[in-house]
Amino acid sequence: MASERIPLVAYLVLEPEPHLVAQQCVRCGARFFDRRNACGSCGGRDFEPAPVAVTGHLRAFSIVHRAAPGVTAPFVSAIVEAGDGTTVRANLVEVPPDPAEIQLGMPVRLVTYPAGTDSEGTECIAFGFAPVSA
Amino acid sequence: MSDSVWILGTSMTRFTRHEGRDLVDLASEAALDALDDGGVTVHDLDVLACGTLFSANASVGQQLLGQIGQTGISIYNVANACATGATAVRVALMAIRSGEASMALALGVEKMGKMGLLGSPPRAPKGPTTYEASGRFGSVRSVDGLLGTKTMPGVFGQAGMRYAHDHPGVGFEQFAKIAHKNHLHSTLNPLAQYRKEFSLDEVKASPMVAYPNTLLMCCPTGDGAAAAVLVSEERLRSLSADQRRRAVKISASVLTSDPYVEGGQVQPDVNTLTRNAADVAYEQAGVGPGDLDLVELHDCFASAELIHYDNLRLCEPGGAGDFIDSGAPYRDGATPVNVSGGLISKGHPIGATGVANIYEIATHLRGEAGDRQIPDARVGLAHVIGLGSSCGVHILERSAA
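Line by line, the protein sequences give chains A and B. Here the numbering used here is used: the first sequence runs in plain steps of one and ends on residue 1251. Here the numbering used here is used: the second sequence runs in plain steps of one and ends on residue 451.
No lab work stands behind these hints, which were simulated from the structure alone. One should not assume that every hint holds.
Unchecked claim - Per label pair, the in silico range of CB-to-CB distance:
(1) A:Ser1236 / B:Pro339: 53 to 63 Å
(2) B:Arg381 / A:Ser1236: 55 to 65 Å
(3) A:Val1138 / B:Gly377: 26 to 36 Å
(4) A:Arg1153 / B:Asp86: 51 to 61 Å
(5) A:Pro1166 / B:Gln120: 52 to 62 Å
(6) B:Ser307 / A:Gly1222: 27 to 37 Å
(7) A:Glu1134 / B:Pro339: 28 to 38 Å
(8) A:Glu1211 / B:Gly417: 22 to 32 Å
Bear in mind that the values here come from a model prediction, so they are computed numbers and not experimental data. Note that the Cβ used here is the ideal one computed from N, Cα and C, for glycine as well.
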């Protein structure tokens, strides 16, 4: 009876459609997902929110079999290049953890899924990338 | 060049799990052996640079001199991830170049035991939780295993697969060959943590840690120390003919950090800073990749070694897969890489690693590497990278005398 939903990370926006929002340097356009003190590329101080494309392609992956304590394995860790060139790290989901099933360069799209519920019934929503079926 | 800095003595302990010996025991063994090797004593030193990572707040340099000679000299305790040892060497070198010192000891030491997977976040608290956004990413719970991995085998696995993405012909087979090579090389190194040959099939069939890296493609944790006595050229001239003959010249010493690249925030870019360091080092030394008789590079994982063939310009651009397929980095190949066994088989006690690879190169250049000697080695390159990131590159040359 999850009464509310909360994104796993602040840069995941759930409504109206789930997407990521980067902090974009006003001066040089560099994009970041963390809280910034200044721009790591040009030193600029001003940022604006920039929505990140929800589709992209798989640049790299690793299938993690030995994970940290408490982390369910195996899982597929993926580096995705979004359609606008922004690099994102997340799990590759909706695909078996088998290198034969994963092609470098394959098109992917952002998906969301529940990743736990806290003691007050709030549901955590995580994101991942799923292969785009042909 | 009159302001050259030379290696006068060098040593390393065996890398293994040293039960019953502490950090200071290991540091003392390496330091005393390096001083003996150089024909000098602790009383000849002007500076100590002591590198250790997981005990960085324990004043290990002071503990060391407390055991082997409290002479009152400057001690710099340094920590710089897996580049800690190379950073200690550079601190010692810079002290000499500045003119404040003429002889310095660079030491790296680590005691890790069976530490397990590096990069894991602390275990999540048990009991009732209430989701609340916190930290720089506004996360409500641990993201490891949900938003990909930050554990080392996976991060370096991804770095290798990104190279595979851009370069057809690179894949699991090429990564496996690298581990085969380094395990084979270590059978000749009495100081290596592991000294066992594995077939290519055994490498491929060993338990998967983080694809493409199987267990035999990952470096172990372990304990060990390494040391180098550095001396100014002027002071070297005052030493004996035998000390001068065995001295090894540091032709290049470079430390870089990672410049901004798109995506570097989410997947560490271990390429750009390595390329930058290599390019500066080749220019400083006045040599090119083709002049190298051997290379010790940072093979924390097999996937890492492959990309560094390209980053260090050992192969044609994009040609790292062909490079290993051709056998070039085997000890009888065109450019022997990690003839010590590398991190994968020699071991990787983090603080010691960046000094130990300098020990390895120097020992070959002196013609004192025993069974694993690369014949007539004159020039060698030592490379380390610490995530976060720092890259150290040193080029060493045999004494002309």
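Pairwise beta carbon distance, glutamate 1211 (chain A) to glycine 417 (chain B), judged against the given window 22 to 32 Å: violated (59 Å)
C-beta pair valine 1138 (chain A), glycine 377 (chain B): status relative to the range 26 to 36 Å that was hinted: violated (50 Å)
C-beta pair glutamate 1134 (chain A), proline 339 (chain B): status relative to the range 28 to 38 Å that was hinted: Once the Cβ atoms are compared, 50 Å apart, the range 28 to 38 Å for proline 339 (chain B) and glutamate 1134 (chain A) is violated.
Pairwise beta carbon distance, proline 1166 (chain A) to glutamine 120 (chain B), judged against the given window 52 to 62 Å: holds (58 Å)
Beta-carbon spacing of arginine 381 (chain B) to serine 1236 (chain A) - inside the hinted bounds 55 to 65 Å or not: holds (59 Å)
Outcome for the supplied range 27 to 37 Å, where the beta carbon pair is serine 307 (chain B) and glycine 1222 (chain A): holds (30 Å)
Verdict for arginine 1153 (chain A), aspartate 86 (chain B) (Cβ pair) under range 51 to 61 Å: holds (52 Å)
53 to 63 Å as the expected CB spacing between proline 339 (chain B) and serine 1236 (chain A), which holds or is violated: holds (59 Å)
In terms of the numbered hints stated before, the structure departs from hints 3, 7, 8, listed from lowest to highest.
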